[in-house]
Every structure is written in C-alpha cells, then in structure tokens.
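Visitor: In case you want the letters, here they are:
Protein chains: 2
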Amino acid sequence: MKLKLYILITTTLFLFISCNKKNNRKIVVNNKEALKQAIKKAEPGDHIILKNGIWSDVSIKFKANGTKENTIILKAETPGNVFIEGKSNLTIGGQYLQVKDLYFRNGHTPTNSVIRFKTDNETPAFNCSVTNCVIEEFTQPSRDIKDHWIELWGQHNTVANNYIAGKSNQGPTLRVFLKGNEHINNQHQIINNHFGPRPRKGGPKSETMQIGDSYTSMTPSYINVSNNYFERCNGEVEIISSKSNFNVFKNNIFFECEGSLVLRHGNYATINGNVFIGNINSEFIGGIRVINTGHWVTNNYFINLKGKEFRAPLAIMNGIPKSPLNRYNQVTDVVIAYNSFINTQTPFHIGVGANISQAEVLPPSEIRSAIPERTIIANNLIHNQNTTHNVVKNYDKIEGIQFFNNSTNTQYQKELIKNGITSEDINLKQHDTLIFYPDNYNKDLYNGFNFNKITTDIFGNKRSLDNNNIGAIVKADQTTSFSNFNYGTTWYQPNQNKYNSKNHLVNTNEELLKAIDISKNGDTILLNANIFNINKSIAVDKNLILKAKTTEQVTINFTSSNSAFEMHPKGKLKIHNIEIVGNKQQDAFKTLDKNMSKAYDIFLNNVSVKNFKSVLETSKGSFADTISIINSKISHCKKGLLLNKETNDKGDYNVEFLIVKNTHFDSVSEKIIDYYRGGYDESTIGGNLYFIGNTVTNCGKQEKDNILIKNRGIVQVFLHNNTFINNPVKTIAVLWGEKNDTPKNNSINNSGEIKIVQNLKLKLVY
Amino acid sequence: MKLKLYILITTTLFLFISCNKKNNRKIVVNNKEALKQAIKKAEPGDHIILKNGIWSDVSIKFKANGTKENTIILKAETPGNVFIEGKSNLTIGGQYLQVKDLYFRNGHTPTNSVIRFKTDNETPAFNCSVTNCVIEEFTQPSRDIKDHWIELWGQHNTVANNYIAGKSNQGPTLRVFLKGNEHINNQHQIINNHFGPRPRKGGPKSETMQIGDSYTSMTPSYINVSNNYFERCNGEVEIISSKSNFNVFKNNIFFECEGSLVLRHGNYATINGNVFIGNINSEFIGGIRVINTGHWVTNNYFINLKGKEFRAPLAIMNGIPKSPLNRYNQVTDVVIAYNSFINTQTPFHIGVGANISQAEVLPPSEIRSAIPERTIIANNLIHNQNTTHNVVKNYDKIEGIQFFNNSTNTQYQKELIKNGITSEDINLKQHDTLIFYPDNYNKDLYNGFNFNKITTDIFGNKRSLDNNNIGAIVKADQTTSFSNFNYGTTWYQPNQNKYNSKNHLVNTNEELLKAIDISKNGDTILLNANIFNINKSIAVDKNLILKAKTTEQVTINFTSSNSAFEMHPKGKLKIHNIEIVGNKQQDAFKTLDKNMSKAYDIFLNNVSVKNFKSVLETSKGSFADTISIINSKISHCKKGLLLNKETNDKGDYNVEFLIVKNTHFDSVSEKIIDYYRGGYDESTIGGNLYFIGNTVTNCGKQEKDNILIKNRGIVQVFLHNNTFINNPVKTIAVLWGEKNDTPKNNSINNSGEIKIVQNLKLKLVY
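One line per chain: the protein sequences are P and H, in this order. My numbering puts the first sequence at residues 1 to 766. My numbering puts the second sequence at residues 1 to 766.
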C-alpha cells in the first residue's frame with residue numbers, strides 16, 4: 001500500500017512539474033543593446049545566448065526573475081568562446097538566474113567587482129548561479145586598487161565548476177557579504193571550482209575567499225565550500241578567511257598554498273575531509289588556523305607541511321580577553337578529531353599569537369593572553385619520517401586542551417601533554433604517492449560528546465564501532481584517490497600551451513636590441529662580443545634571459561639618461577655573467593611609475609653593476625616577488641636597492657624575497673638597501689631579506705640616516721656571514737628581536753654596529 | 001487511502017510505545033538515606049515518592065538515566081506537602097528525569113544553586129524537567145552571597161508551571177549556562193511559570209533570568225521562554241538578560257516589573273506576542289531593550305508605561321564601535337513590527353546610552369557612538385490618551401532606522417522621521433480593561449523581507465493579506481483575554497492568607513513592649529500616655545506601626561546603650577506623631593550587623609528624633625527599600641543617616657529610596673546624610689534621594705569632610721526647596737550633572753554651596 005501511494009505521489013509530482021516546465025525560448029544576441037533588450041524582456045525559461053567572439057567593455061546587468069521550474073539562463077554560444085574583455089563586469093539580481101560558460105580575460109572591472117550577485121541594493125540574487133566560467137588575470141592595472149572578482153549577496157546562490165586565477169591586486173578573489181537580513185542564512189554553494197594560482201601580493205587583503213567580515217561575524221551563514229581545488233593560492237597568509245557562522249568546508253584540496261584556511265571570525269565551522277598538500281622545501285604553506293568557538297575539524301589530511309606559528313599545519317590561537325569585535329576571540333569548545341598528519345613536522349601549534357611580552361608596545365586590547373579552553377584533540381594520527389619533531393609547539397599554557405587517544409611515531413613532551421597521546425610505531429600502508437593510513441589499528445577510539453555524528457572518513461567510508469580507524473582514512477581501495485575529487489570547467493585547461501624556449505645569439509648592439517624585441521617568454525639571449533653599447537632603456541615585460549656566450553664576462557654600457565632596464569608587470573629578468581655600466585645619471589633597474597599590475601622578478605648571477613644613480617628604483621604599488629643577486633659586484637653607485645615606497649603602513653611592502661648572497665658592495669655612497677614594511681599586522685610574515693656572505697666596503701659615505709641597510713618592519717631578516725670594512729656609518733642595520741632576527745658570524749671593521757630592537761613600535765593596522 | 005495509512009501508522013506506533021512502556025515501580029521514601037538508595041537503584045519507569053512532611057538540610061543528587069518512554073520521576077506524595085527546608089538543594093544529572101510538586105521554603109542552598117540541572121561536571125541533564133514546584137523566599141541570609149535558584153545545563157530540559165518568588169540576594173533567579181558543547185543548542189523550555197515578586201536589590205546582579213553570559217554569547221541556545229507570568233520582578237534593571245542566540249520569548253506577561261526584557265548579548269532573538277503592563281505612577285517599569293543584531297520584535301503589547309532611556313517601552317541602544325565582547329555591540333538588522341503601544345508616552349527611545357559627552361571620564365572602549373543600522377520599525381500602533389508626547393526620543397542620529405507604515409494619534413518629529421508614520425486619530429475599540437485595538441484599519445501594511453513569516457497576531461489569529469491589522473491585535477472575540485494565559489502550579493496560590501490587622505492600645509512601658517512582642521504583621525500600636533521610658537532595643541522584624549493615640553505627640557525615652565530600634569530583614573517600621581529621645585550614646589535606628597537577608601523599611605511621619613549618636617546606622621549588605629522621613633524634626637544628634645556601607649564599587653547601595661521632606665535638621669554635628677554608590681554602571685538608575693522642602697540649621701559643626709549631604713554616585717538626586725541657615729561647612733552637596741541632578745529653589749544662608757560636577761569619575765564595574 002505504501003508503495004502504491006509513493007507511486008501515485010511521484011506521478012502527480014512529475015505531471016505537476018511537467019505542466020510547469022515551459023518550452024525554452026532561445027534568444028541569440030550579438031551586441032550589447034540586443035543583450036540588454038533580451039534581459040529586459042526575459043521570461044521564465046528563456047535562454048539568452050551570447051554569440052561567440054570578444055565582448056569588450058560590457059557591463060551586463062542580468063536583472064530578471066525566473067522560477068524554480070523555469071530558470072532564465074544567460075550563456076555562451078559555445079562554452080569558452082565568448083570572451084569578456086576590457087572594462088567589463090556582470091551583476092545578477094532577482095530569482096532563479098543562471099550564468100554559464102563565459103571567459104573573463106584581458107581586462108578588469110570598472111567597478112568593485114567582476115561578478116556581483118546583486119544588481120543594486122534593492123535587488124540581491126536568490127537561487128542564482130554562475131557555472132563553467134573562467135576569470136583569468138582579470139586584474140586591475142594598479143595593485144593598490146581594491147576589487148573582488150566574485151561578490152556573493154542574497155541567498156541560495158551557487159558558484160560551481162569555474163576556473164579563477166591570477167588576481168594580483170588588492171581584495172579577496174571571492175567575497176561573501178552578510179550585511180542585512182536578505183543575505184544571512186544564505187546557504188550559498190561554492191563547489192567544484194578550481195582556484196588557480198594567485199600570486200603573492202606582499203601584505204594583507206589578498207585572500208582567495210572571505211566569508212563575511214567582523215561586523216557581520218555574529219550572523220549565521222551556512223556557506224558550503226566543498227570539492228574545490230586551491231592551487232598555489234599564495235596571495236597572503238589567509239587562503240580562506242571565514243568570518244561568519246555555521247560554514248562548512250569539505251573535501252577541498254589545498255595544493256601548495258602559502259596560507260591557511262583561517263576561522264578568523266564567527267563560530268561553529270565544520271572543516272571536514274580536506275587535503276592540505278605541502279612541499280617540504282617551503283615553510284610558507286599552511287593548514288588550518290583556529291580562532292573562536294565551537295568548530296569541528298575532522299577527517300582532514302595534512303601532508304608534507306613544515307609551516308610554523310600562523311602557518312602551522314594546525315594552529316590554535318590565543319585570544320584577547322573580552323576581545324574587541326574585530327580582533328581575536330578566545331578559542332573554546334573546539335573539537336579536532338580523526339585527522340592525519342603525515343610528514344608535517346610539528347602539527348599542533350597551540351597558543352599561537354601569545355604576545356604578553358609585547359605589552360610595552362601594544363595596548364591591552366591587542367594582548368592575546370586568553371588560552372584555548374574546553375578544546376578536544378582526539379583520535380588523530382601523527383606520523384613523521386623524521387621523528388625528532390615534537391607533536392606540539394606551545395606558546396602559552398595548554399591546560400585548556402584535552403588530548404585523547406592520539407597516536408604518533410614522533411616524540412612529544414610527556415610533561416606537557418601527560419596522556420592522550422600514545423607513542424607507537426604504527427606501520428602505515430602506502431596506497432599511492434599521497435595516501436598513507438594504518439592498516440590494522442585495533443585499539444579503542446575516543447568517543448566523546450557528539451562524536452557519534454562523525455559517521456564517515458575523508459572518502460565517505462562509514463565509521464562504526466567495528467569498522468573504524470585513527471586519522472582521516474578508514475580504508476582505501478582501487479578507486480580511492482584524491483584525484484577523483486572533481487573540479488573546474490568542462491572546457492578550460494590551465495597552462496595548456498607550453499612554449500619551447502629558444503636561444504638567440506647576438507654579436508652587435510643592433511642584434512641585441514632586436515633579439516630582446518622579438519624573443520618570446522623564456523628565450524635566452526646569448527651575448528657573443530666583449531662590449532655592447534646601448535643608448536636606450538630596455539623594457540622587460542616577459543621572461544627574458546641575458547647571458548654571456550662564454551665564461552668571459554660581457555660588458556654592456558648604457559648611455560641613455562633613462563634606466564638601463566625598465567621592469568614591467570610580469571617582467572622576469574635573468575642576467576648571467578654580464579657587467580652593466582651606467583653613466584652615473586640613470587638607474588640600473590627601475591619599475592614603471594604606475595600600473596605595475598602584476599609582480600616582476602630580477603635574478604642577477606655573476607653580474608657587475610657599476611656607475612649608476614641607484615641599483616634599483618621602484619614605484620609605490622610595484623611589487624617584486626623575488627630579487628636575487630648572487631656572486632655579483634655592485635660598485636660606484638650613489639644608492640643601492642630602494643624598496644621603500646609602500647609607506648601606507650597597512651602591512652604592504654615592495655618585494656617578497658630580497659636575496660643578496662656572496663656579493664661585493666663597494667663605494668655605494670648612500671644606503672645599500674632600503675626595504676620597508678609599515679603597520680602592526682601580526683599575521684604578515686614577510687618581507688624576507690636574505691643578506692648572506694657578502695662583503696661591503698667603502699659604502700655609506702654620503703648617507704644621511706647614518707645606516708647601511710635599512711629594513712624597518714621587514715619580518716624575516718637573515719644577516720649572516722658578511723664582512724663590513726671601512727663603511728663610515730653609525731649603524732649597519734637594526735634587527736627585530738621579537739621576530740628572532742639575529743645576526744650571525746658577521747665580521748665588522750670600522751663600520752658601525754648591528755643593533756637589535758626587541759619590540760618595534762608600529763602603527764596599528766586595524 | 002491516505003486516512004487508512006494514517007490509522008495503520010498510528011496503531012503501530014501505539015503498540016510500539018505500549019510495548020516499551022514498563023509498569024512503574026512506586027518507591028516511597030521517608031528519609032534521606034532511603035531517598036539516596038532509591039535514586040541509586042532507580043530504573044527507567046520508577047517513581048520515587050517523597051513522603052509528605054518537612055525535609056530539612058537535604059541535598060538531593062538525582063543522578064540516573066531514564067528513557068524516552070520510561071522516565072524516572074521524583075515527586076511529592078501530595079503536591080505541595082513536601083517541604084524542602086534548611087540548607088537544602090537539588091541537582092539533576094542524566095537522561096529523562098522528572099521532578100515534581102516540591103515546595104522549597106524556610107531555608108537556602110548551601111551551594112551556588114537550589115536546583116541545578118547537572119549533578120557534576122561530567123553529568124549534565126538531558127531531557128529532564130522540574131514542574132509544579134514552588135521556590136519561595138529560599139534566599140541566602142546575606143544579600144551579598146551569590147547563588148542561583150535554578151541553573152540550567154545540558155540540553156532539552158524543561159522548567160514548567162512553577163512558582164518562584166522572593167529572591168533578595170545577589171544572583172539571577174534562573175540562569176542558563178552554555179559553557180561547553182553539551183550545553184549549546186539546548187532548546188530548554190521555560191514555560192508557564194509564575195515568577196512572583198522579586199524585591200529591589202539595590203544594584204546589579206539580580207535579574208530574574210539570565211541566559212548565557214558574554215563569554216558564551218556567540219553560541220546558539222534556542223531557549224523557549226513562553227507563557228510565563230512575571231509579577232513585579234523588581235530586582236534590577238534587567239528582568240530577563242538574554243545573552244545567547246536564537247532565543248524565543250513568546251506570550252509572556254510582564255506585570256509591573258521594574259526592568260526590561262533585555263537582549264543584552266547574542267543575536268537573532270524572537271520577541272513575539274508579549275504583554276508589558278505598567279502603572280502610570282511609575283517610571284521604573286520598562287519594556288524591551290534592544291542591543292546586537294537580527295532580532296525580530298513583533299506582536300507585543302505595551303500598556304501604561306512611562307519609562308525612559310534604559311527603561312523605555314522600547315529602547316534601541318547605541319553600540320560601541322568594534323565593541324569588546326562584554327560591552328555593547330551595534331544594533332543592526334532588527335525588525336520591530338506589529339506592536340501596540342497604548343498609553344506608553346514615548347514608546348521608542350533610540351540611541352539610548354549614547355555617551356560621547358563622557359569621553360573625558362571614560363576610555364574609548366566605553367563610548368557608545370555606533371548608531372543603530374539597517375533597522376526597520378513598521379506596522380506599529382501608537383495610541384496615547386495624552387497626545388503631547390513624541391513617538392520618538394532620540395539620543396543620537398536615527399538615520400539607520402527605516403520607518404514604514406506606523407500609525408499614531410500622538411505627535412512626532414516630522415523633520416526627524418520624515419515618513420513612515422501617519423498621524424491619524426484611529427478610533428480604538430476597547431475589548432476589556434487592557435485590550436484596545438483598531439476595529440477598522442483598512443490601509444496597506446508594510447510587507448518587507450521575511451514579513452510573510454509573521455503569520456499570526458498576539459493571540460494566534462491569522463494574519464493574511466485580506467485579514468490583517470496594524471499593531472499586535474488583529475481581532476478579539478468573547479474568549480480573548482490576557483488572563484487566559486496559563487501559568488503557575490496546580491496547588492499553590494500566592495498571598496492566599498490575608499490577615500486583618502488589629503490595633504493595640506498601650507498605656508504603660510510594659511504594655512508597649514508586650515504589644516510590640518505579640519503584634520502581628522500590620523498591626524498598629526496606639527500609644528496612650530505622654531511619656532514612655534524604654535530600657536532596651538526594639539527589634540523590628542515585621543510590619544510594625546507605632547502611633548500616638550491622639551494628635552498630641554507622645555515621647556519615648558530610650559535609656560539603653562543599644563539602638564532604639566533594631567531593623568531586621570523584612571522589618572517595616574512606621575512611626576507617626578512620636579518624639580523619640582536618646583541618651584547621646586546610642587543610635588536611633590540600626591540594622592543587624594549581618595544576615596540582612598531581605599530589605600527593611602522605615603517611615604517616619606511627624607516624628608522628632610533627638611539626642612542620638614546617629615539617626616540611622618547601617619551595615620554592609622543591609623538594604624532598605626524605602627526610608628521616608630516627612631514633617632519631622634531631627635536634632636542634637638552627632639551623625640545623621642548613614643547609608644554608606646556598600647563600598648564594593650560594583651554598583652550596589654544601601655537604600656533604594658531615601659525620602660526626606662518638610663523636615664527640620666538642627667544641630668546635627670556631622671553630615672546629615674551619607675549615601676553612597678560606587679562603580680561605573682550605565683544601567684543602574686538608583687539610588688534615589690529626594691531631599692525636598694527641608695530646613696537645615698546649625699549642622700555640620702564637627703564635620704571633617706566639610707560637607708552636609710554626601711551622595712556620591714547616587715543617580716537620582718532631587719534637592720529642591722530647602723533652606724540652609726548657619727551650617728559651617730564648605731559644601732552642602734555635590735550633584736551629578738550628567739544625570740540631570742539640578743538643585744532648585746534652595747535658600748542658602750551662611751552654609752557653603754551646592755556644587756555640580758558634570759561627569760563623575762567612577763571605577764569601571766566591567
């Protein structure tokens with residue numbers, strides 16, 4: 001009887017739906033006005049189809065109302081063959097609207113957003129979606145201009161199966177807004193997307209995803225972020241910044257992302273079954289950072305991570321007692337269970353951010369002294385090849401944390417943790433290059449309050465009393481693989497056109513200039529004469545390699561009043577075994593004055609830089625990922641490397657890595673380096689200055705600040721194994737003690753001193 | 001077919017339940033040990049029955065596990081005939097336990113709680129209940145000792161149909177705890193209770209109900225507080241302090257409660273269909289005070305209220321920008337719709353707590369400058385008999401509030417509100433003494449986002465497009481009445497034994513003492529001789545009235561070294577037309593040194609107080625509700641009224657109302673009044689000093705502080721129409737300008753001056 005009833009109901013429903021399903025009108029449009037009219041007249045069930053081709057400078061306002069049964073669809077004639085370029089953007093407002101198959105490239109938005117789920121303040125989107133689209137390098141010309149590529153407003157919207165990569169300006173790539181009752185309890189679905197590489201920005205405000213902000217951090221959001229692939233999302237220290245309540249992060253893969261999934265504000269997040277893949281060469285790749293109350297972190301898989309503190313595999317922060325709304329609430333009632341940490345060195349960093357020692361330079365409302373409370377760490381597996389690392393690094397007391405039934409083959413501090421960890425050499429089964437799990441774990445597992453709600457492992461295998469396992473994986477079979485996780489578009493393959501680079505042999509000035517002009521990304525120009533004379537500035541807007549043909553150093557004389565090399569966005573210059581000589585009036589390397597939309601790089605190896613005004617002059621807004629000078633000589637210049645233009649004191653800086661090794665600075669009249677970051681921002685861990693094995697002689701003679709290397713606010717400074725002789729300055733450099741920047745093995749002769757200041761007084765960013 | 005299926009399912013379920021239902025064992029116990037054993041051995045389905053009688057000094061630890069079908073019940077043999085007395089308490093821990101029919105009286109708890117839903121930290125209660133019980137004056141001997149009468153822990157517990165009254169010590173009567181995942185999402189039911197009178201405490205920490213605290217204010221609670229009757233719950237400015245999320249307050253009646261339902265911390269509360277009944281003589285009776293985000297305040301009925309600021313019918317507060325966790329978050333996304341305000345003077349006080357002017361005495365983290373945002377006030381009815389009151393009182397800008405379709409017959413500030421209020425003389429239909437509503441309102445109502453979820457009115461009548469009304473009431477019929485709301489126990493009637501007071505005529509000292517001894521609460525003793533001589537202290541522990549038989553003033557000479565009158569808890573002394581004379585060594589009135597568990601009162605009318613050390617000496621922890629001295633004379637005493645012992649600086653004070661009118665102070669050597677309250681606590685509106693129409697001569701001659709009336713920290717001070725002659729002090733009094741305490745019409749002759757200090761610097765309480 002029951003079955004019959006079911007059939008009857010199903011039939012009725014089917015008929016009902018069928019009756020409501022309209023025949024879809026297909027409206028093909030080939031210009032902006034036609035598109036506008038089609039949207040204006042759109043009725044439920046309509047398909048508005050953009051003709052293939054380039055749509056330039058188009059602002060699409062998709063304001064309409066479909067129905068549940070008859071959505072209105074706006075899509076490309078052929079997926080991926082409709083290019084949105086120039087100053088373009090899309091807003092979506094109304095009910096049941098779908099956008100599909102578009103390709104945003106070669107441009108940027110003229111507004112604050114590329115795709116916004118709100119056409120105007122009165123019209124947010126409900127039950128709308130953007131799928132199978134690409135947004136690639138659709139970034140502002142100026143890195144300082146803030147925008148978002150996707151803004152979610154309203155409720156029940158979906159962003160699925162898109163490819164989104166290459167944002168280098170300020171602002172989170174995807175931002176969810178909760179300002180107003182129309183936008184809370186939104187249950188947006190952000191699923192199956194491929195978030196491709198986002199380059200390092202140099203400072204904060206470059207999350208890949210930000211969900212709410214501190215002002216709306218008390219509101220329920222119920223966002224679902226699942227099955228996404230985050231690939232090298234390196235913008236800043238937070239890949240995802242969750243700032244609202246009841247969000248779910250499930251089965252995402254974080255591949256070599258230099259940051260963490262951060263529960264920055266808001267409470268009761270579920271982080272279940274995610275994969276964090278590191279790279280044993282990098283300390284920048286993080287995992288999960290926990291702040292606030294009531295989160296459940298379960299079934300996650302961490303592998304090859306070596307981050308610390310803010311970038312630890314699992315960081316549990318100290319809070320500020322009675323914290324202001326926008327700072328750090330205490331961690332309470334958090335459960336961290338059934339996670340696997342494979343080759344993650346020290347997985348648990350507890351009390352991160354504790355800073356009582358900085359009370360002299362910070363107000364009480366910035367002191368993180370509230371330790372985590374009522375927090376459970378249970379049934380986790382920690383397995384390291386190198387078993388000398390501790391399981392826990394603590395920055396304060398950890399008495400508010402209870403450990404139950406964790407297992408490790410590495411060492412731990414027995415006096416600190418007491419019990420709840422078993423030291424044992426579990427034999428792990430290797431399933432593939434990434435997947436390891438214990439094959440025969442037959443001990444009791446901890447079964448705390450609500451642990452019965454952890455019903456599956458990372459792959460969805462059932463957990464039950466007689467079929468359970470420690471860590472994230474219960475079992476693996478033939479079909480088990482992280483690459484089964486499904487993401488991205490149907491039509492777009494990132495990096496599909498691989499170019500095979502070439503060599504260009506040049507003998508004359510003209511040949512050199514021409515080769516530079518025609519060379520393609522990654523080509524090498526081999527200089528086959530002793531001397532070249534160039535009377536213009538060489539613009540570098542691609543990957544360009546200049547190299548002496550033989551082991552003999554080649555000389556290039558620059559005679560123009562413009563800089564020898566002008567660095568453009570994405571310019572990557574490598575020079576090897578060349579002497580570049582100026583006329584004392586111009587700079588050796590210089591960035592554009594503005595529109596440095598993307599990062600540049602300079603690599604000098606066995607290079608001599610002589611007779612220039614500055615070695616490197618930069619502009620505000622410019623950013624180099626890496627500047628590397630190795631085995632080189634810099635002499636008879638007025639100024640050295642000037643990376644001091646980001647003076648907004650909001651945590652920004654001009655270069656991520658400045659590496660100077662085994663290089664001789666001689667007769668540079670002023671500072672040899674000026675590298676600046678301003679603003680108290682506890683989560684920034686750059687910039688990075690490696691000044692190692694160099695010799696500095698006769699520099700700083702006209703230096704007004706009486707200092708040789710200025711690095712104020714730079715977080716990581718390595719000043720090791722250098723020799724300073726006859727530099728008439730008072731100070732060689734001032735290092736930041738609190739960041740553990742200690743000079744080592746420097747030899748100083750008639751050259752001032754290296755100072756250490758324990759706490760720097762910086763302007764508060766927040 | 002559907003019906004048949006339903007019957008089948010019902011039958012099956014019924015059989016299923018029947019099978020699981022055990023025969024209940026009835027275990028009758030008559031002593032503590034038997035009770036303990038019965039609990040120890042309790043099995044699902046057991047009824048543990050306490051024999052009728054007094055159970056003294058008993059700590060009941062009800063730790064057991066029933067099941068859904070077979071709860072374990074602990075109850076009285078006869079409801080109300082089992083008296084829990086002395087130092088007693090009850091804890092409940094486990095699953096499916098019920099407690100019924102007990103009467104807690106004549107005692108107090110030896111722990112922090114009378115009834116606690118947790119036997120120990122590992123054993124909270126789940127699905128347990130306390131019903132049909134009474135807790136009456138089960139209060140600590142000392143007002144300073146903190147406890148809770150009911151502590152809710154765990155999940156899914158019920159407190160229903162109880163009578164709870166007379167708590168006078170520190171601590172909320174009922175407190176819900178959310179500290180830990182076992183206690184969140186608790187869905188406790190607090191329903192159909194009668195919260196009887198809770199006396200004024202004099203300072204904070206005497207809420208009738210507190211749900212969470214700021215440290216757990218981010219957690220979901222989902223408490224249901226419905227159908228309760230709150231009768232004169234006057235403890236402090238907050239009747240209910242909601243400090244967690246998603247709580248529901250529905251169909252409660254607040255009868256003459258001197259406080260408000262306050263959304264102190266936490267967000268997304270629903271306040272629907274409650275009744276706030278005031279008294280046009282009182283400014284102390286409040287309504288709803290709104291702080292934080294996302295609350296819906298709908299269908300509430302406010303009548304005869306005249307409170308202001310913190311006690312306004314509907315107060316919307318200013319927040320502190322980026323507030324610390326325990327202070328004031330900004331109001332955002334609040335909806336106030338379909339409420340009726342009948343004779344409530346000014347119903348909306350907006351921006352309450354704005355205090356930018358106090359920046360000189362307060363730190364920035366105390367400055368409430370964040371105005372309400374994204375807040376909607378719609379479809380409310382405001383109707384006053386006296387139409388001179390404004391609809392809105394604003395303390396800051398109100399641009400973040402949108403008004404839609406409110407209707408009033410009273411005036412409003414057109415330039416402030418612009419639109420959204422219609423000024424109209426709606427003819428209200430009177431249904432009974434309390435219920436008024438518009439009979440024929442046929443205009444469009446505002447239908448904002450999610451307004452379709454407001455489906456009923458205060459009585460559950462449907463709201464629909466064609467059957468709707470402005471305000472809380474759609475319609476009323478014969479059965480409609482607030483007295484249909486159902487609450488309290490089946491067996492207890494508060495105040496059922498009314499005593500008819502008597503007169504006692506006394507002619508001699510002995511007769512006077514005997515009459516005082518035997519008189520009952522409210523009796524009057526008529527003194528029928530010119531002079532009485534008493535050589536002992538008269539203890540006042542009841543309502544005692546001493547009165548001259550004729551209009552001639554009678555003299556009582558007190559010759560003992562003890563105070564003339566000793567005030568005990570609940571002592572209420574009225575003296576009329578009597579001269580009381582001391583020997584200069586003792587105090588006229590004095591409280592007990594400790595255990596002043598309840599408030600006392602003193603009323604003097606046409607009384608002369610002469611030759612005492614102090615007029616009134618009090619102890620720390622003592623509290624008078626009212627001390628009133630009218631048409632009297634106080635002379636030749638060393639000190640006056642000393643109400644200055646609550647010096648903990650946490651907002652407490654020794655008397656709520658100190659009223660001195662038309663009285664002559666002559667030759668009091670030191671201060672005539674010393675009345676103190678310490679601690680910055682913005683929500684306290686007491687104490688209250690009325691010093692009006694008095695004459696003060698030759699006082700303060702030996703006063704070291706050089707002041708006549710000391711009232712530091714007292715919030716309400718009325719110093720009007722007094723005459724001060726020949727008092728050799730520097731200062732008569734210092735008034736608090738910020739509280740609008742302005743002296744009026746005082747005549748001062750050779751007596752120092754009255755000062756005004758705009759902002760007092762006080763210790764922060766929080």
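Treat the hints with caution; some may be incorrect.
Copies of the same chain look alike in the list, so a pair counts if it works inside one copy or between any two.
[Said to hold, decoys possible] In silico BS3-like links for lysine-lysine, alpha-carbon gap of 27 angstroms or less:
1. 414 - 308
2. 763 - 549
3. 322 - 146
4. 453 - 179
5. 613 - 87
6. 51 - 36
7. 547 - 761
8. 322 - 179
9. 453 - 63
10. 763 - 322
11. 322 - 205
12. 36 - 397
13. 502 - 574
14. 397 - 179
15. 453 - 68
16. 179 - 418
17. 761 - 322
18. 322 - 650
19. 704 - 41
20. 61 - 574
Read the hints as simulated data drawn from the structure, not as lab findings. Remember, it's a predicted structure, so these values are computed and weren't measured experimentally.
Visitor: With identical chains, the pair residue 547 and residue 761 could be close in the same copy or across copies; at 27 angstroms between alpha carbons, which is it: within, between, both, or neither?
Guide: neither (45 angstroms within a copy, 74 angstroms between copies)
Visitor: At most 27 angstroms between CA atoms: does that hold for residue 61 and residue 574 within a copy, between copies, both, or neither?
Guide: Neither: 45 angstroms inside a copy, 79 angstroms across copies.
Visitor: Using 27 angstroms as the alpha carbon limit, work out where residue 322 and residue 146 are close: within a copy, between copies, both or neither.
Guide: Cα proximity of residue 322 and residue 146: across copies only (23 angstroms, versus 32 angstroms in one copy).
Visitor: When no copy is named, should residue 453 and residue 63 be tagged within, between, both, or neither for a Cα gap of at most 27 angstroms?
Guide: between (42 angstroms within a copy, 25 angstroms between copies)
Visitor: Is the C-alpha distance from residue 322 to residue 650 at most 27 angstroms within one copy, between copies, in both cases, or in neither?
Guide: both (25 angstroms within a copy, 19 angstroms between copies)
Visitor: With identical chains, the pair residue 613 and residue 87 could be close in the same copy or across copies; at 27 angstroms between alpha carbons, which is it: within, between, both, or neither?
Guide: Answer is neither; intra-copy 38 angstroms and inter-copy 88 angstroms both fail.
Visitor: Quick one: residue 179 to residue 418, C-alpha cut-off 27 angstroms, is that within a copy, between copies, both, or neither?
Guide: between (46 angstroms within a copy, 25 angstroms between copies)
Visitor: Checking an output row: residue 397 and residue 179, CA cutoff 27 angstroms. Within, between, both or neither?
Guide: between (37 angstroms within a copy, 20 angstroms between copies)
Visitor: Within a copy, between copies, both or neither: where do residue 51 and residue 36 come within 27 angstroms Cα-Cα?
Guide: within (14 angstroms within a copy, 83 angstroms between copies)
Visitor: Taking 27 angstroms as the upper bound on the Cα-Cα distance, should residue 453 and residue 68 be classified as within, between, both, or neither?
Guide: Answer is between; shortest inter-copy Cα gap is 20 angstroms, intra-copy 32 angstroms.
Visitor: As a check of your reading, is residue 322 near residue 205 (CA-CA no more than 27 angstroms) within one copy, between copies, both or neither?
Guide: both (25 angstroms within a copy, 19 angstroms between copies)
Visitor: Taking 27 angstroms as the upper bound on the Cα-Cα distance, should residue 322 and residue 179 be classified as within, between, both, or neither?
Guide: both (24 angstroms within a copy, 15 angstroms between copies)
Violated hints, listed in ascending order, are 2, 5, 7, 12, 19 and 20; each of the other numbered hints is respected by the structure.
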